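In order, the protein sequences belong to chains A and B. Position 60 of the first sequence, counted from 1, bears residue number 59 in numbering that gives the first Met the number 0, the numbering being contiguous throughout. Position 82 of the second sequence, counted from 1, bears residue number 81 in numbering that gives the first Met the number 0, the numbering being contiguous throughout.
Hints were generated in silico from the structure; no laboratory data involved. On a predicted model such as this, the values are computed, not experimentally measured, just so you know. Any given hint could be a false lead.
Quick list of simulated restraints, FRET-style, between CB atoms [what the hints assert, rightly or not]:
{"#": "1", "chain 1": "A", "residue 1": "I128", "chain 2": "B", "residue 2": "T11", "range": "33 to 41 Å"}
{"#": "2", "chain 1": "B", "residue 1": "L239", "chain 2": "A", "residue 2": "G63", "range": "51 to 59 Å"}
{"#": "3", "chain 1": "B", "residue 1": "L471", "chain 2": "A", "residue 2": "V58", "range": "36 to 44 Å"}
Below, simulated BS3-like cross-link-like pairs (lysine-lysine); rule was C-alpha separation at most 25 Å, straight line [what the hints assert, rightly or not]:
{"#": "4", "chain 1": "B", "residue 1": "K283", "chain 2": "B", "residue 2": "K246"}
{"#": "5", "chain 1": "A", "residue 1": "K126", "chain 2": "B", "residue 2": "K2"}
{"#": "6", "chain 1": "B", "residue 1": "K290", "chain 2": "B", "residue 2": "K246"}
{"#": "7", "chain 1": "B", "residue 1": "K378", "chain 2": "B", "residue 2": "K283"}
{"#": "8", "chain 1": "B", "residue 1": "K385", "chain 2": "A", "residue 2": "K126"}
Chain B residues, not near chain A, derived (Cβ > 10 Å throughout) [claimed, not checked]:
{"#": "9", "residue": "M38"}
{"#": "10", "residue": "V389"}
{"#": "11", "residue": "T391"}
{"#": "12", "residue": "E444"}
For every residue, glycine included, the Cβ atom is placed at its ideal position computed from N, Cα and C.
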Amino acid sequence: MQSRFHDPAGTFVASLFVILGIALALETRGMTAMGSVFPTTISIALIVFSAVLILRNLVLTLRGRGGSEAQSDEAPATGGSNARRAFFVGAMIAWIALIPVIGFLLASIAGYFAVMVVAMHERMSLKQIALLIVLGVAILAGFYLLMTEVLLIPMPRGHLF
Amino acid sequence: MDKLIYLGEALTLTNLMLAFCGVAAGIVIGALPGLSATMAVAVLVPFTFAMDPASGLIVLGAIYNGAIYGGSYSAILVNTPGTPSAIATTFDGFPMARRGDGALAVSLATLASVVGGLVGALMLMFLAPPLAQVALAFGPPEYFWLAVFGLTLISALSVGNLLKGMIGACLGLILSMVGVAVIGADVRFTMGSQTLIGGIDIVAGLIGLYCIPVLIDLVATRDPHLKVATNSGFRLAESLAIASRQKFNMVRSAVIGTVVGILPGAGGSVASLVSYAEARRASKTPENFGKGEPGGIIATEAANNATVGGGFIPTLVLGIPGTPPDAVILGALFVQGIKTGPGLFSEQGGIVYTFIFGLLIGTILMLPVGLMVGRYAYKSIIAIPKAALVPTIAFMTVVGSFAIHNNLHDTAVMLALGIVGWVLNRAGYAPSPIVLGLVLGQIAEQGFVQSYLIGNAQGNVLGMFFGRPISLAIVAFAVIALFYPIVSGAISKRRISPTNATVESRSAK
Numbered sequence: 000m001q002s003r004f005h006d007p008a009g010t011f012v013a014s015l016f017v018i019l020g021i022a023l024a025l026e027t028r029g030m031t032a033m034g035s036v037f038p039t040t041i042s043i044a045l046i047v048f049s050a051v052l053i054l055r056n057l058v059l060t061l062r063g064r065g066g067s068e069a070q071s072d073e074a075p076a077t078g079g080s081n082a083r084r085a086f087f088v089g090a091m092i093a094w095i096a097l098i099p100v101i102g103f104l105l106a107s108i109a110g111y112f113a114v115m116v117v118a119m120h121e122r123m124s125l126k127q128i129a130l131l132i133v134l135g136v137a138i139l140a141g142f143y144l145l146m147t148e149v150l151l152i153p154m155p156r157g158h159l160f
Numbered sequence: 000m001d002k003l004i005y006l007g008e009a010l011t012l013t014n015l016m017l018a019f020c021g022v023a024a025g026i027v028i029g030a031l032p033g034l035s036a037t038m039a040v041a042v043l044v045p046f047t048f049a050m051d052p053a054s055g056l057i058v059l060g061a062i063y064n065g066a067i068y069g070g071s072y073s074a075i076l077v078n079t080p081g082t083p084s085a086i087a088t089t090f091d092g093f094p095m096a097r098r099g100d101g102a103l104a105v106s107l108a109t110l111a112s113v114v115g116g117l118v119g120a121l122m123l124m125f126l127a128p129p130l131a132q133v134a135l136a137f138g139p140p141e142y143f144w145l146a147v148f149g150l151t152l153i154s155a156l157s158v159g160n161l162l163k164g165m166i167g168a169c170l171g172l173i174l175s176m177v178g179v180a181v182i183g184a185d186v187r188f189t190m191g192s193q194t195l196i197g198g199i200d201i202v203a204g205l206i207g208l209y210c211i212p213v214l215i216d217l218v219a220t221r222d223p224h225l226k227v228a229t230n231s232g233f234r235l236a237e238s239l240a241i242a243s244r245q246k247f248n249m250v251r252s253a254v255i256g257t258v259v260g261i262l263p264g265a266g267g268s269v270a271s272l273v274s275y276a277e278a279r280r281a282s283k284t285p286e287n288f289g290k291g292e293p294g295g296i297i298a299t300e301a302a303n304n305a306t307v308g309g310g311f312i313p314t315l316v317l318g319i320p321g322t323p324p325d326a327v328i329l330g331a332l333f334v335q336g337i338k339t340g341p342g343l344f345s346e347q348g349g350i351v352y353t354f355i356f357g358l359l360i361g362t363i364l365m366l367p368v369g370l371m372v373g374r375y376a377y378k379s380i381i382a383i384p385k386a387a388l389v390p391t392i393a394f395m396t397v398v399g400s401f402a403i404h405n406n407l408h409d410t411a412v413m414l415a416l417g418i419v420g421w422v423l424n425r426a427g428y429a430p431s432p433i434v435l436g437l438v439l440g441q442i443a444e445q446g447f448v449q450s451y452l453i454g455n456a457q458g459n460v461l462g463m464f465f466g467r468p469i470s471l472a473i474v475a476f477a478v479i480a481l482f483y484p485i486v487s488g489a490i491s492k493r494r495i496s497p498t499n500a501t502v503e504s505r506s507a508k
């Protein structure tokens, strides 16, 4: 029987943290004594904890206790569509990137409805879709007015508007 | 007798209406992630200049109280603390909402907030001058150890893997160091980017780390966001029964909240984390904390609302604001011609006591207003289809992170941290230790470096950290909080094991 590595994802991330810790610890050499004492300590702690985790997982693998770690209550939901996840992240990045170009309101309208399409799982009637659009526009306009007129927050304007 | 006259002055119809509106406005603003209590108070301060001093202060106190309480809604219903004070509310609030107990969680948060607010305001009324001395007794080492005490919560939040919790906390501490150093002014870990010089904002980090991963997983499946509750309504009787069982936890958390609120700069987030750690330590079922334990919500919400009254103690007696909203209110006090200081309670007692009674009235009004708004918010979150809920929450994350400093960079940081948080969560690194590190990092570093410098100058660094009575008491609590669950677990296992052995031997027969 082929032995499986214990917690491969956690170990991979821990190895990235070791590299990050080393890079950060090296960066602290250019800082003053006062500014570097805390970051140096924490960078070293990051390296040590990550190294211990990697070592522990290696030992557990050698003992034949392969597979994934027991997850905490904060563990994410497994399964579902990864394509939707990727589209959601893409839509959010585009939303924020577009704000300086086309302004807050227009970018938010585009982003809001793009995310709505990604989050839509069931077939809807035209009436339901119309209702969702009206609801969306009302929420966007309501919040925009709250921000600009009541809280007097200067919302970003784009190059176009 | 004098106090009764002031109570009468606070109980006018105008003041009651103002307190009602203030609480409602505060709840709505506090519930929206990114819009903080400080912002709510700051935006509405100019409106109070036209009012008489007592009424103006009553409105500000009511808004502040409402905003701190409002932060619990989004923490419970969408796993995003509306204000940093509600970070610890997500630990048990969201798991409760996910299993269909959202209404119960909101009712419990309301009751605890009301009790916490009342305890804080009563301590402000009767114990303000002596308690203000506590603020002066707290030096850099005490702040450092207080932050360390908060960090001991990692042991509670890292169920199954303490090492990953420690790594997450280190990452959070490193994130808190990005930008210009608090002491020494070094520019650290900005990767050459000018936008990171200002550092990573705690609220942007909170929204990103807690909310974006939830949204990423929410779009992936057809399942509803929260389980629909089988029994509808406020579940007030059930909440009252739980609250009465947890009365000691509630009062203890409120007292912790008031005392931490007195400390300038510590604030509601530290208060709620410390009281959460204490509630977990004292609980008979510490293993349930973080999985939807009502005691966790009671502890955090009682503590964070108690910081309102606690924060006013140094503000009014010493002129030192205990929390950021207090700083804004202090400005409003000066505009109204009120001179803060030890003599305030005797020289301008009329205004001060009317204000404190107003605070009490506002806190009591939070019960009906909070229950109504909470019920409506919970029902809406359940009723709204996913296709409308996800983009609305996504929009709120964008608006909320932007509104912190009116800066899109905060929004970009929020999204980046959210994506990183989701990836890390997949690999078993939970977001809460990272958030703890981010929130407590600056307090810990400032306390540590200042203590080190003072100790070094005095030639007694160790004495600075370990030779002060308050420091030692906090260290003792931190050690107990860290190791108590392990020790008590081992003891209970030892107690159970003979019984188990008997059962096993019987079943073997």
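Do the hints match the structure? See the list:
no.	hint	result
1	A:I128 x B:T11: 33 to 41 Å	51 Å, violated
2	B:L239 x A:G63: 51 to 59 Å	53 Å, holds
3	B:L471 x A:V58: 36 to 44 Å	38 Å, holds
4	B:K283 x B:K246	14 Å, holds
5	A:K126 x B:K2	60 Å, violated
6	B:K290 x B:K246	21 Å, holds
7	B:K378 x B:K283	33 Å, violated
8	B:K385 x A:K126	17 Å, holds
9	M38	7 Å, violated
10	V389	4 Å, violated
11	T391	6 Å, violated
12	E444	4 Å, violated
In terms of the numbered hints stated before, the structure departs from hints 1, 5, 7, 9, 10, 11, 12, listed from lowest to highest.
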